[in-house]
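> Here's the letter readout for the chains.
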Amino acid sequence: MAVLTMRDALNQALHEEMERDPSVIVMGEDVAGGAGGSSGNVEAAGGIFGVTKGLKTKYGADRVIDTPISESAIVGLANGSALAGMRPVAELMFADFVGVSLDQIFNQMAKFRYMFGGKAKVPVVLRMSMGAGMNAAAQHSQTIYPMLTMVPGLKIVIPSNPADAKGMMKQAIRDDDPVIFFEHKALYSRKGEVPDGEHLVPFGQAELVREGSDVTVVALARMVPFAIKAVDKLAEEGITCDLIDLRTTSPLDEDAVLESLSMTGRLVVVDESNPMCSIASEIAGIAASKGFSSLRAPVQKVTAPHTPVPFARELERMYVPSPGDIEAAIRRVMEGA
Amino acid sequence: MQQSPDQIRRAYRQMRLIREFEERLHVENPKGEIAGFTHLYSGQEAIAVGVCENLRDTDYIISTHRGHGHCLARGCDPKGMMHEIYGRADGLGKGRGGSMHIADLDKGMLGANGIVGGGQPIAVGAAVACKARQDGSVSVSFTGDGASNQGTVFEAMNMAVVLKLPKVFVLENNGYSEHTGASYGIGGDLKTRTEGFGIPVWEADGFDYFSVYDAAGEAIEHARAGKGPSAILATATRYFGHFEGDPQNYRAKDEVKNFRETKDALKRIREKVTGAGIFTAEDLDSIDAEVLKLIDDSVGTARNGPVPGADIMMSDVYVDY
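Residue numbers (the UniProt record's numbering), protein chains in the order written: chain L, 1 to 337; chain V, 1 to 321.
None of these hints come from the bench; they were simulated from the model.
Beta carbons are placed, not taken as given, at the ideal position from N, Cα and C, and that holds for glycine.
There could be a bad hint or two in this list.
As the list claims (entries may be wrong) - Coverage of chain V stretches by chain L, computed from C-beta distances (three or more under 8 Å per stretch; other residues unrestricted):
1) 89-98
2) 159-165
3) 233-240
4) 305-319
Produce the complete structure using the sequences and hints provided.
Structure (structure tokens):
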């Protein structure tokens, strides 16, 4: 065990998997950086968040491919090389850029296996940074995982801590299905203990982060550390919560949610996304259709408002659900209102 | 480029196979047994076959919504294709893909594609794998004049040049982007656009198998040799509408008739090979008869093929979920 940031845990996973399997290749804008620049430094960036640092120096330009700014072609590059036997890890610098490459994601990679009679394998990992927290405004801050969770054929992975980030990245690279891997920008520097070497986290298994008996709190990504703050604070008052980190939204661990709900009878869902058609809505829907008899109070959804992500510090702070918002929601559900 | 009689026989058979496949679908389609959209390739046979006769087993192709010709030229099983078009459980896609999504990964055929311009970036990805293998294999995309105006094609061309990939762009101008003339929709021209990316272009007469074969041979050799991407620009026409049922109000009355009479690719290859004394008309007629029987059989079994059930609907969304 070593204490690493999520950035370094992801980097370690990429190094280990590239070392292990020569068919693993990395591609994207500035994944190395520096090509064609006047400094002669061929690894000037290592990814704008440093996740792909050192890969080009170690594995060379044929396996670590700096691309032009062409998101459709980047995802296409991953799709075609995967169909032809490689294991590409492609990067969209920001999840918002799904907007310029969506066809390659939801019409192409997600559907090949199904349309082509089950013969195709598409072992793509498509990494992207997401989330508010850097005042990057409406086109660089979104958490668009609900949009892609609805697409059959994709797996959606959203780690909240460094150990999961490593274990899920290694799992994603070895997985034979296309995996969309969301990395929250505000978590890159979050530190935690990370197992050395082989460490795999299977998909579709939520993690019980805190155990309690009064309320089930479901969260993901940056909302997990926020929920930990709220849950730990309330525990001092004697209100105890199960805190479930979903970790993947497709496959989704419904059983973990329903099992906990059957014990607590109260549900709070925390999701940084916009409220409509969100993961919060999905979990609330599951509770209504499959856990109705357990519910002792209306489900509380804690989400961003139905607005684009605003720029100004004060506005962005207001936009993102806070530990205080989560605490308030837990108190509301305890009051049964 | 000199071709052996066996090669020419095979090419002729492939072209006849595409022609009969498509002409037969044109006859069968109005009967109501074939669901969905069907886009026919008749008239452009020389392009698909002229290109694919230059390919090796390790090469890849990716096609378009008008994909039957490319699939057949690449060696996909005609019967499996026909069953797929009829939506049968034993079709190449198990009845889940249909006409616009025929593929056979075992043949290096990475799929017809229902999204105009969707295939080109994927073919560039396959070229990354070809380059990594260092076995001289190439990746070929077919692109119509309509798709040529999609941004994905520009991105794909630039990416292939930047990464110096063994990628061959086949630009097929059949004169129409759906219901609109290519002359209206294309700013500048396809050749200089492509050359603008630094990609050398070989032009060919898309009605003439030998012209396409020779141009494609040089273009593909360029890519195989590690000199980066290349392109083939071939002009022909489609004998039918954008889709089956298209009334083709955008075309002059005798346009297709004139093409069939004066330019037809099958007539052309017959005249050339019989004129050169390579085969007699009877030799070619016997190939025609064999192909016709194959198409008859394929339609016969496809019409009565197994209907897919819920198990097929629910499988192969994932490898493992």
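> Work down the list of hints and note, for each, if the structure agrees.
Hint by hint, here is what the structure shows:
1. 89-98: Holds, because 6 residues of the segment 89-98 of chain V bring their Cβ atoms closer than 8 Å to Cβ atoms of chain L.
2. 159-165: holds (count 3)
3. 233-240: violated (count 0)
4. 305-319: Per the Cβ count (5), the hint holds.
Violated hint: 3 only; the structure is consistent with all others.
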